[in-house]
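**Student:** Residue numbers (our numbering), protein chains in the order written: chain S, 79 to 194; chain L, 9 to 121.
Check before you lean on any hint, since a few could be wrong.
[To be verified] Far from chain L, by Cβ distances over 10 Å, these chain S residues were calculated:
1. Val-82
2. Gln-95
3. Val-121
4. Glu-122
5. Asn-129
6. Asn-152
7. Arg-181
8. Lys-182
9. Gly-186
[To be verified] Facing chain L, a subset of chain S residues (Cβ under 7 Å, in silico):
10. Phe-123
11. Phe-139
12. Arg-147
13. Pro-148
14. Lys-156
15. Ser-165
16. Phe-185
Derived from the structure by calculation, the hints contain no laboratory data.
Built from N, CA and C at the ideal position, the CB exists for glycine as well.
Listed here are the chains, written in short residue letters.
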Amino acid sequence: EPEVTQTPSHQVTQMGQEVILRCVPISNHLYFYWYRQILGQKVEFLVSFYNNEISEKSEIFDDQFSVERPDGSNFTLKIRSTKLEDSAMYFCASSERRQGPRRKLFFGSGTQLSVL
Amino acid sequence: LAKTTQPISMDSYEGQEVNITCSHNNIATNDYITWYQQFPSQGPRFIIQGYKTKVTNEVASLFIPADRKSSTLSLPRVSLSDTAVYYCLVTLNYGGSQGNLIFGKGTKLSVKP
Chain S
79 EPEVTQTPSH
89 QVTQMGQEVI
99 LRCVPISNHL
109 YFYWYRQILG
119 QKVEFLVSFY
129 NNEISEKSEI
139 FDDQFSVERP
149 DGSNFTLKIR
159 STKLEDSAMY
169 FCASSERRQG
179 PRRKLFFGSG
189 TQLSVL
Chain L
9 LAKTTQPISM
19 DSYEGQEVNI
29 TCSHNNIATN
39 DYITWYQQFP
49 SQGPRFIIQG
59 YKTKVTNEVA
69 SLFIPADRKS
79 STLSLPRVSL
89 SDTAVYYCLV
99 TLNYGGSQGN
109 LIFGKGTKLS
119 VKP
């Protein structure tokens with residue numbers, strides 16, 4: 079079964095540093111997402127992306143965050159200046175359908191980001 | 009926006025059937041009901057989706073009554089590996105103009121030997 083892959087699985091960084099989380103969505107999917115989950119809390123929506131632009135973003139996705147599809151296969155999330163509260167598991171997801179009631183998201187295994 | 013309510017946690021034993029009920033009283037006509045499963049330190053995984061009556065796949069069954077105000081995820085003969093958090097989502101315009109999936113707290117299922 080095709081899957082979404084994320085690298086690295088773990089990332090440790092110092093507060094204030096920039097990090098880039100990488101994802102390879104399923105090859106025929108056109109819609110991409112980032113979610114995050116702070117330990118013990120809910121899975122939170124960050125941003126959705128289609129046709130090389132952001133479709134929707136949450137309040138969490140402020141100016142410190144950016145997303146990019148640098149080539150035909152990768153989808154990245156950049157945090158410019160990390161804060162302690164950015165420590166979380168970050169999940170990338172992709173789907174064939176943009177919206178609609180039957181949309182199904184496929185999630186990667188996540189990148190555990192630890193900001194020290 | 010449709011809101012879902014499901015139990016915070018459930019316990020079961022290996023080999024038992026587990027039924028997790030989700031209420032969604034203000035579900036809209038075009039809404040589908042979707043369940044995801046999340047193992048510790050992994051991303052959510054789609055389990056099953058339905059609109060009405062009963063849907064069955066190799067993993068689970070989903071029962072939806074005629075009024076569609078609730079749904080029940082049924083896991084037959086659970087094993088230890090079914091220990092996970094199960095999320096019920098009503099998918100259409102659920103959060104934001106694009107209808108991005110918004111996860112609640114889910115039901116934490118613990119299967120014991």
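**Student:** Broken hints, numbered, in rising order?
**Tutor:** Checked against the structure, the hints that fail are numbers 1, 3, 4, 7, 8, 9, 11, 12, 13, 14 and 15, while the rest are satisfied.
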